[in-house]
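Chain X: place on chain P using the hints.
As you go down the protein sequences, you meet chains P and X in turn. Under the numbering used here, the first residue of the first sequence carries the number 1, and numbering increases by one thereafter. Under the numbering used here, the first residue of the second sequence carries the number 1, and numbering increases by one thereafter.
Hints in this document: simulated from the structure, not taken from any laboratory. One or more of the hints may lead you astray.
Once the Cα atoms are required to be at most 30 Å apart in a straight line, the calculated DSS-like pairs of lysine-lysine come out as [to be verified]: (1) P:K142 / X:K366; (2) X:K233 / X:K251; (3) X:K233 / X:K185; (4) X:K291 / P:K142; (5) P:K43 / X:K365; (6) X:K366 / P:K127; (7) P:K36 / X:K366; (8) X:K89 / X:K251; (9) P:K69 / X:K89; (10) P:K160 / X:K185; (11) P:K142 / X:K312.
Among the chain X residues that face chain P by a calculated CB cut under 10 Å, a handful are [claimed, not checked]: (12) Y215; (13) M216; (14) K365.
Note that CB positions come from ideal geometry on N, CA and C, so glycine has one too.
Listed below, chain by chain, are the residues.
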Amino acid sequence: MNDTIEQLKSRFGSRIVDVAECCGQTTVEVDKQGLKEVLSYLKNAPVPGFEVLMDLTGIDYLFPTKQTKVVYWLHNPTNYSRIRVVIFVPREEVLPSVTDLWEGADWYERELFDLFGVRIEGHPDMKRILMPDDWVGHPLRKDYQLTEESVEFKHGVMPKIPSQIIPHV
Amino acid sequence: MTGDPNDIMELNLGPQHPSTHGVLRLKLRLEGEVVVSAEPVIGYLHTGVEKECETRTYYQVFTLIDRLDYLSGPAEEQAFAATVETLMKVEVPERAQTIRLILLELSRIASHLLWAGTSALELNMSSVFMYCMAEREKILDLFEEMSGARMFPSIWRIGGLSRDLNPEFEANIKQFLKAFPDTWKDLDNLLTNNYVWCTRLKGIAVIDQEMCKQYMCTGPLIRAAGVSYDIRKAYPYLGYENYQFDVPVQKEGDCYARYLVRMEEMNQSISLIYQGLAKLKPGPVLTSNRKVALPPRIDLVRSMEAVIHHFKLVSEGIHPPAGDLYCAVESARGELGYHLTSDGTNRPYRLRVRSPSFPHIQVLKKALPGHLLSDVVVAIASVDPILGDVDR
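Extracted from the complex, chain P is given alone in its bound form (with noise of 0.2 Å):
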């Protein structure tokens, strides 16, 4: 794995902002500029060989501004290894498709677009996936409140919403 860092910083450079590891878990931090060309050379290139993209996801953050950072999750099927390759995307801002990389990444793209917002180019089919196709917002983004919606039922009763139920602590 230590090579691998090496490798991608000496061909890379500039455009690997940062490396960090967690409980053996690497993460690689590029900027938009660097995204496909990293992550086609960490799956094509046979040392590294991450033929595998694992997961495509996504995590919202307010603080020091509005973005989300994009983490693709690759994985080895040789010898096992994992690496994590992030990239922050600032509210509005647009990220290239690895579609082309790998099909299977389609959904997830959508999943991203649905749940974060993060508009994607060069996706062959654009749209929803898991909210409504009618929905505004995007929900998993953290300044979109969690709400409640009490279904009446009959007779005009009003089952308890989880607020009422699970205390704030």
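Chain X alone, transformed into the frame defined by chain P:
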């Protein structure tokens, strides 16, 4: 196949359908009986569990994630517990690890039995369904005697289990294990060389190695395609490296190969449970680290520290260090993983479930065109999706 666009019929295999294994909607475009394109539409079971988990403490999260993959609840709990335990560097006692392994394998058998029953039911073999359900009832009875709940034992805690096995558990499980090979033999005789089963399943929905790599398929799908990838061997957890078991692999990648892989997995699970029972030694089932695990109730009467720990843990919860971690287990469907981003507070900042069925339904888009309409049902059944996990 004329290729004339006027001949294409759009058929909606709607979300409410007995054969779609949940609320899965498939927009099929057919030319005659041949599927030209299939677009799966999901989201009918989306309940926003990931957002809810951000507002719950770590103890309360267990109640939510249990029901995501509702057929292998123990696998979800184990994945989440393993993630938090690795982040906090909490030691799980050995007895708890062995019991967790036994319960995981039992839930794997239960899930595969349900899969076999419903797949056969879709081909109108309802007696196979009844045999599988009767056998699964015995496993659910074991869970119920142990913890009170049939499908979701919910005894996982950070640092071990909340309760030990009941005294009759070993006798009952040995009785089940003795009777199971006969049921397996019955299923094998009914299905494996059955002319109708073989004709309907062989050659359908081939998912080969390249498709598995592009679409990140794991579990029985990739093992039926020839790649021996099992999380229990690749990233061992709960002491799997000390157990002897094989990983069944087939080559063709069609529905029949996936069927054979799952049947053999049930046998391997039986052998693992026997080994687990042999390794079971008396001891504690919950860690004694009082920053993480509740003290036993009897201590609350005797000790002031226990009362304070109990109060802090129940009201505030645990505080994992800040960091990003991913931990995976091999559920009955494939690689089930949890990304946990913790910021040091008592709530997860972001909990992401990497569900195995999400890419498996996506691969149907590629694997279904060219097949007949009656093969669509067989293909969905062999992929074994659980919509709770897909939609969360």
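Unmet hints by their number, sorted upward, for this structure: 1, 8 and 10
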